[in-house]
Structures are given as structure tokens and as C-alpha cells.
Amino acid sequence: VPSGLRYDTVTFLSDYGTADEFVGVVHSVIRSITPELTVLDLTHEISPHDVRAGSLVLARSAQYLCPGIVLAVVDPGVGTDRRPVAVEVGEGASVLVGPDNGLLAPAVGMVGGATRAVVLDRPEHHLPSPGDTFAGRDLFAPVVAALAQGLDLHDVGTPIDPAALQPAMVPLSREEDGNVVAQILWIDRFGNAQLNVGPEEVEQLGERVRLRFGGTMPTTRSAAVARTFADVGSGQVGLVVDSYGLLAVAMDRRSAATELGLSEDDPVTIEPIADDEPEATRSVTSSVSIGTRPPEAQP
Amino acid sequence: VPSGLRYDTVTFLSDYGTADEFVGVVHSVIRSITPELTVLDLTHEISPHDVRAGSLVLARSAQYLCPGIVLAVVDPGVGTDRRPVAVEVGEGASVLVGPDNGLLAPAVGMVGGATRAVVLDRPEHHLPSPGDTFAGRDLFAPVVAALAQGLDLHDVGTPIDPAALQPAMVPLSREEDGNVVAQILWIDRFGNAQLNVGPEEVEQLGERVRLRFGGTMPTTRSAAVARTFADVGSGQVGLVVDSYGLLAVAMDRRSAATELGLSEDDPVTIEPIADDEPEATRSVTSSVSIGTRPPEAQP
Amino acid sequence: VPSGLRYDTVTFLSDYGTADEFVGVVHSVIRSITPELTVLDLTHEISPHDVRAGSLVLARSAQYLCPGIVLAVVDPGVGTDRRPVAVEVGEGASVLVGPDNGLLAPAVGMVGGATRAVVLDRPEHHLPSPGDTFAGRDLFAPVVAALAQGLDLHDVGTPIDPAALQPAMVPLSREEDGNVVAQILWIDRFGNAQLNVGPEEVEQLGERVRLRFGGTMPTTRSAAVARTFADVGSGQVGLVVDSYGLLAVAMDRRSAATELGLSEDDPVTIEPIADDEPEATRSVTSSVSIGTRPPEAQP
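Protein chains in written order, with the working numbering: chain A, 1433 to 1731; chain B, 1433 to 1731; chain C, 1433 to 1731.
No lab work stands behind these hints: they were computed from the structure.
A few of these clues could be false.
[What the hints assert, rightly or not] Covered stretches of chain B, as calculated for chain A (at least 3 residues, CB under 8 Å):
(1) 1490-1497
(2) 1551-1559
[Said to hold, decoys possible] If you want the ones that stay clear, here's a sample from chain C, every Cβ over 12 Å from chain A, calculated:
(3) Glu1453
(4) His1459
(5) Ser1460
(6) Ser1464
(7) Thr1470
(8) Val1602
(9) Pro1631
Remember, it's a predicted structure, so these values are computed and weren't measured experimentally.
Where a beta carbon is used, it is the ideal one built from N, C-alpha and C, also for glycine.
Full structure from sequences and hints, please.
Next up, the structure:
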């Protein structure tokens, strides 16, 4: 780390969008205080107030983030008694800063849990502010800059029990009558719908499965697990093992979400297809078995 | 400032959007000439040609920006006789660079006025260009890079009287028949509608006021001044003191702009509510008095 | 170049969008490996899978980009047998990294052609990955970081013949019956429709021409070549010499694409207007001759 900083990278996520100046002003405040600090934007297009979506982005990204500070602001309760916190993980390897509303919890869990936590209640480390609605600028940005410079967690806040932090609300899949009942965690730009299910959970259902979608457009489709979008087959629906190791409902070069009317949070049931079902309902996807690809096939 | 630069930070605002390569190319041209210079993006999603919206973003941000160069390009008259200018403020603490069309004026005013100004009429400091439509790349970027390296304003342009710069057109609120006639300056991502009115201007109207909206969907609502969005009360309309110290028409976790059909520039009249009006028209908002919050309530 | 890096700048283009965390994670992986490397975003809003649009952005930008590494990912065939490649240009002045699907070819051509190329088939330089769908994070980012640190092309891949790279598919204009048959290459944020035609190609058609649009809304308009948008004249259609030296169908402060129903790829025929045509069909645009503007008119 250059320049004698304690942390040299801030990874910044919010629901601020980029049409207003919010993100740029936070960058500017941080740079005004600690010019050597680099701020990377993870995304700022979390839907307004969607704490759950923000927490899932952090959890998916956690293992790929630079060590340093994570600043996350999706904060519908800004200015109220929800607590602004800093959470240390890995004995100080990184610090997550944001509101204590469940946003940080899944990422904290992904990297081994919190070692210390404080409530950011020291106004001498905040900017004087004309209003109480922009904590990113007035409270979180100066605290992040101070932590990067080497202030200890206990310099910027009052210790709290990490176990008392707001827990995450990540839905778990479950087995029911031999089926797997899943939920759509995330629909990405390409229309792939990530489920809260890994490939190992559906192995016992056989090579082909039936997907029962329970959103606004109830329908069923047969699908096979596939390694790439191209393997799904034109016009077919597949369960692609995505870049986080979870199954995503996907189509080749088309948006599965649009074609099937899927939304985040929708339930999806994964069912076995009986051997005696007519062939017509079976998938014509060229299925690919997981785990049997030889290493030399790596692109 | 490292590397012997005169200025080490450029804050960049435009109406270029981010779908095209305009912003990236300006970054690249600046870095090609002056690699040590850091460029922060304020926003590039000003509506095409909306000089007024761009000028308001700059004015709101001015006091939070890193000292250095501000590059602002919202330039419907690109290539015509509107003048490209550089405006020095604070005896050289910062320089604002952009077209002389009113875009820079409110920010210049916010930081104490111009100390010097030049028209950027020295083609030897510009890129040779195949057309006259991309002044950000061909004229402003290389001038910004040259100023950062230490060239004086007078090296890159011909002095003009700062008083002759295009003035801003910021609408002022006014009193009329005991009411305050305001205008919507800005609607942010969350649907809050900032007015050109501070809390002190409505104090004499009483704790509750009537808002009369004059846009495409004329309607009235009662409202109270509130400190946070949560204080507005579910389903109610409030006047929240926003992060710039102005009143914003807001709702808790909902878009006031969508619910009330508000647009930027719409007039809003703030009226007292008579004591003998039936209670039903009174606000049920839990009102919070401004200025009486003890310091220890700071979140 | 500081810090002993072989390359200190990466220019990054993709179809990842900015709503998901894809772009931020690629930044983070690169910074985790090579912290001194600066990553500039060119744009990430290429339409999903639109290789042609991405290749045109790179070609337009090529001459303005910082020397260094270009990372370009528009990759509908991710994980299949399309080859991930690194292409050296200018005897090592820059390296372009991305899928071999035609995306890189026009930019490579613009800067003088490839001097060497490799297929990125050395998994020891990639991240271990739970799936095969995010090559930007797992394959391209670590390779870019390694090349910046000084690894040779041959360290990260197996040499291939640069002549065997997937060629570009850039449509050429043609003459037909005395007309110029063009195509819309690009519609920018302001609604200007860039044609694959330079001003010299229409000179022999006379000062005024007829544009015949062949998209979803067939129509004709007369137009003159203009130097600036303002020169087009209010409500008129012009052929503005754009910032890349090509003709763009444009209107002053309005979106020509919206007004005329234009889309990328649409054909446009440019026809001479006969001298004996009634004046009514002639352009009333204040025409400006190309090449006759004195140098002192430079803004």
C-alpha cells in the first residue's frame, strides 16, 4: 500500500444511480480528504431502497474484491435511528461501512464474519451538513477517508457486538415432495435468472428437469443443466452453471427473463421428469454433464 | 499535489451520456497528455442540451468538489460563435472550463466569483479535428491537460472581462398574497422534488402548509416540514430539508414526483392553512421543528 | 510509465452494462493483481451481444486511446470454441485483448494491423472459476494484469497467425445509378445518425441532395452538408461532418433519429436533386461548403 495509507482501495456500491451528482460528490469528498485513495465503483444502479438486491451484489462480489474498504449505501432509513456502522473482517484485512439494515451482512458472512464493529457516532469525523438525507456525503465518505488514513475503528465510533448486527435475509431453497423449490435471486442484464440452487442440488433429479415458474406468467419448461449459453441450444431453456456456481435459468443469446416473464424473487420449482412421460415434453437441449469436462477444454 | 502538476484533479460533467464513447475518449485524451491527472466523473446524464440542469448540478456540488479543474460540457451551440472559456476562481484555486452559455455561472457565483477569464482561442493547444462537433475531445480536453501541467490561463486564451460571461438563469421564489410561489429545480432519482425555497422562507406560514402543484396534474396537498423521509409518515407528503438545505417535496420510500405528477420547472405554491379549516384537510404528518434537534441526535 | 509496468493503462469496453457488478468486479480483479494499473472505461452499454456495435466504437476511438492495453468483451459465444486472444499492434505499443469474433478487427486495422497474436490458452494465468460464463473476470482480467506487469504475449498464450483472426464486417457504401447507397453505422445519444460516407463522396452530387431513408418509416428529405448542428437550420435536416469526419444525418437541437424513425443498420440513399425540380423540394438549409472555412473560424 503506497503513501502510508492503512487501506488504499474503497469499493463503492449504492442505489444513488448516476443521473444525479450523488456518486461524483462522494468521490470528490473522499478525494478532498485522502487524495491517494482509489475508489472503485461496483454499481450504483441498485433499485432505490432495494437493500436485498444490494446485499446480494456484495455477497456475489465479496471474494473478488480488493482488500480495503467497502462502502455500501442503500439506506431507506437515512437520518432515522437505523445505525450507521463500520464492520471489520479478517482481523482488519477489510472494513465494510454502511447502514446496519442487513445490506452488509451476507458479504460479512462470505468472508468469515465480523471481528469488530462500531456505530459511527462521532460527529467530529462527519461533515457539517445542511440536512440529514445524504449520509453518503456527510457521514460515510469522511469516515471512509479517515479509516484509510489509519484511524482505528474505535476512533470513529462506539464498539458494538458484531453478533447484534442486522442479519441478512437470503432465501434458502428447500426440498418438497421430491422437488426443489427455488427462488430467483437476480436477473442480470442478459436476462439470465440466477436461482438459489447449485448444480449438486438437482443432480438426483436426473439429466432433464421440469421448471415450473410461479411469477406473473405461470408456465413450465423442460431444461437440462448446461456449461455455456451456447450449449443450451437455440430457442431452448437451460440451467446454466453461472459465474458464481449457481444455476441460472438461461437461453442462448436471448433474455430468458423476457421470454418467460421472470422477475427477481419469483418462485421456481424444479421437478423430475418421469421416464414414462411422452418424448414431446422432454428437453431437446444438448445436455452437458457437470464435472466431467476435461481440464484441457478450458477456453 | 504530486508530480509537479499545477492541478491534480479534474471534475467532469456533461450531457454526453455513457452509452456512446464520448466520455471515455475525453478521459483517454486527457490521460494521453497528462497521465498523472485524475478525472472524477460528476455525472454525464444531464439531458441532452439541458444547460440549466447542468448548471444546477454544478452549483449544488460546488462546495464539495476537490480543488482543481472543473470541466463542464453541455453545449448545444458547439462549433458556433458561443465562446469556449476558462474561468479562474479563488485567485487560481480552481478553474472552470466549458462553453460560455450560462452553464458555469451559478457554480462560479457559489465560490465567490471569477478572478480571471479567457476565451480558448489558441488552436495550437487543441487537437486537429475532422469535424467541429466534439469540442470536449478536440478543444476542452487538451486545454484541461495543459492547464493541469501549469500553463497559465493567458497561455491558452485571450483575456475577457469576467463580468461579460453569460449569466445564470436560476429562478427565484417570490411572495405573493401571503403565499410563497416556488419552482421545482430538480427531481432526483428517488423522486424528491427540490424547490427553490429554504425552510426559513416558509416558517411564518405555520407548521402545516398547503402545496398547490401547477404542472400537468394540478392538485393540492397539505404538508409539514420534516427532517427525514421517515418523518414524513407513510403515504403522506412532506417538505424535507434536503442535503443542500432546500425544501424538497418528498414521500417516505416512494417517489413524490411519480405520485404527484411533478416535473422539473413546474410551479409550486406554498400557502398557509387557515385555523378554521376542517381538520380533514390538515396534515397528519408527524411534524418536526427545524433547528430544535439536539446535536446528539445526529445519526 | 511508472512503477516498472510494461503498460500502465487499460481501456475497457464491454456489453456488461453498469446495473450489475460485472464491470466493478473486473476492475477489482485487475487492481488486486496489479494495483498501479489505471483502468479507463470506454463504454459498457454496448447492446447485449452486439459485436458489430462494439467493434465500431473501438474503431472510432482507436486513434484517441492512450497507448496500453485495450480490453474488449462482447462475447455471445463465451465458453464455447470461439478463441480468447491477445493481439499486439505497433510492435508492442499496444495490445488488444478479447474474444476472436470480429470485435477487435476494425480497431486493429485502424492502427496499422497486428504484429503478433496469441490464443489465451494458459490456464495458469486465469482465475479458478465456478462457471464458464464470465471470461471477463476469470480469463481476460488476470491476463491483462499479467501483460501490464511485463509478461510477453507468448507467456500467456500460443502464437497464431494474425491473418487468421476473425475479420471485421464493416459495411461499405457504394455508387449506384449516380446515387450513393449508404448505411447508418451509429445513432448517438443526441439522435445523430452517422453514415458510412465521408463528405468527399457526395461532393459531386451538388450542394443539395435528397436523402431517401429505407428503414421502418420510408421517407425522403432534402439536405445540405453543414459544419455545425446550428448551421443545419431549425427544423431542417442536414448532413453534418461529424467528429470522425463522416457525414451524420442530423438536426439542430433535435434527434434526427427520432424525427425520421432511423435505426442503426438502416440503408440511406443520397441522390442528386435535378436543377429543374420545383424550388419547394429544395433545401432551405443555409448550406456551408466544406473546406472553405478559414482557419481563424476555429472555435
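We went through each hint and held it up to the structure:
1. Only when three residues or more bring their CB closer than 8 Å to a CB of chain A does the claim for the segment 1490-1497 of chain B stand; here the count is 4, and the claim holds.
2. Check on the segment 1551-1559 of chain B: 0 of its residues sit with their Cβ under 8 Å from a Cβ of chain A, so the three-residue criterion for coverage is violated.
3. A cut-off of 12 Å between C-beta atoms contradicts the statement that C/Glu1453 is not in contact with chain A; the least separation is 5 Å.
4. Separation of C/His1459 from chain A is inadequate, the least Cβ-Cβ distance of about 5 Å not exceeding the 12 Å criterion.
5. A beta-carbon of chain A comes within 12 Å of the beta-carbon of C/Ser1460; the shortest separation is about 5 Å.
6. The beta carbon of C/Ser1464 sits about 5 Å from the closest Cβ of chain A, which is not more than 12 Å, so the claim that it is off the interface is violated.
7. The non-interface label for C/Thr1470 is inconsistent with chain A: the shortest C-beta to C-beta separation is roughly 9 Å, within 12 Å.
8. The non-interface label for C/Val1602 is consistent with chain A: the shortest C-beta to C-beta separation is roughly 22 Å, beyond 12 Å.
9. The claim that C/Pro1631 is not at the interface with chain A holds, since no C-beta of that chain comes within 12 Å of its own (minimum 36 Å).
Of the numbered hints given earlier, the model fails hints 2, 3, 4, 5, 6, 7; all others are met.
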